[in-house]
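Enquirer: Count the sequence shown with UniProt numbering and you get residues 1 to 164, in order.
Where hints are given, some of them may not hold.
[Unchecked claim] Pairwise CB distance ranges (calculated):
id, residue 1, residue 2, range
1, I155, E84, 17 to 23 Å
2, I46, G118, 19 to 25 Å
3, D45, R159, 27 to 33 Å
4, R164, H85, 17 to 23 Å
5, I147, Q6, 16 to 22 Å
6, L123, R23, 31 to 37 Å
7, G121, L52, 23 to 29 Å
8, K26, T136, 15 to 21 Å
9, Q20, Q162, 33 to 39 Å
10, G3, E122, 17 to 23 Å
11, T49, E111, 33 to 39 Å
12, T136, S22, 17 to 23 Å
13, R50, G121, 33 to 39 Å
14, H85, L16, 35 to 41 Å
The hints are simulated quantities; they were obtained by calculation from the structure and are not laboratory data. Glycine included, C-beta positions come from ideal geometry on N, C-alpha and C.
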Amino acid sequence: MTGLSQIADITTSMLLHVPQYSRFYKALLFPESCENTVLVSVPADIGLTRALAADELAAEIWIKSDYFKDAHVVNVAQYSLHIEHVPWPDHPNEARSFTIFFSPRSYIGAEVNNCLRGMAGELWYGNVLVVKHNFTGEVVNIETEDIPDIEGIVIKCVREKQLR
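Whenever a hint applies, use it, and build me the whole structure from the sequences.
Expert: Structure (structure tokens):
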């Protein structure tokens with residue numbers, strides 16, 4: 001279960017982690033036990049001062065799965081979807097890219113995601129985490145103005161069964 005109190009606990013444990021994470025990025029979480037999305041911090045992997053790509057993030061903190069727990073090397077591409085060239089409404093010549101992380105469909109331990117069930121009207125299990133990239137692919141912070149577009153993208157991906 002990932003509710004607001006668990007989100008606070010996870011955030012605190014990230015800050016107290018030894019060895020310390022050196023860099024955090026703002027990401028958008030579609031939590032299992034909340035009705036709305038939540039901006040959360042996701043750290044760059046231990047030893048990195050910045051994340052040049054999605055696979056350099058410790059996304060497994062938010063995406064709980066036996067797959068991530070048991071894997072020595074996590075294949076991010078297997079449980080993520082990269083969406084490129086999402087235009088800005090106010091800046092049509094500029095585009096953003098996002099990576100959507102999700103639990104494997106076979107992950108039995110996940111709960112029904114109430115956030116996505118409410119937003120998309122679809123049955124989904126586990127958390128969904130979205131990070132943003134700049135034009136070079138480097139991970140950057142999600143801004144509040146990105147949230148409506150991200151929510152629309154994730155709802156569309158869930159409804160069209162693009163996350164598997």
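Enquirer: Confirm or reject each hint.
Expert: Outcome of the hint check:
no., hint, in the structure
1, I155 <-> E84: 17 to 23 Å, "holds, 18 Å"
2, I46 <-> G118: 19 to 25 Å, "violated, 35 Å"
3, D45 <-> R159: 27 to 33 Å, "holds, 32 Å"
4, R164 <-> H85: 17 to 23 Å, "holds, 22 Å"
5, I147 <-> Q6: 16 to 22 Å, "holds, 21 Å"
6, L123 <-> R23: 31 to 37 Å, "holds, 35 Å"
7, G121 <-> L52: 23 to 29 Å, "violated, 36 Å"
8, K26 <-> T136: 15 to 21 Å, "holds, 18 Å"
9, Q20 <-> Q162: 33 to 39 Å, "holds, 36 Å"
10, G3 <-> E122: 17 to 23 Å, "holds, 20 Å"
11, T49 <-> E111: 33 to 39 Å, "holds, 35 Å"
12, T136 <-> S22: 17 to 23 Å, "holds, 20 Å"
13, R50 <-> G121: 33 to 39 Å, "holds, 38 Å"
14, H85 <-> L16: 35 to 41 Å, "holds, 38 Å"
Hints 2 and 7, counting from the list given before, are not met by this structure.
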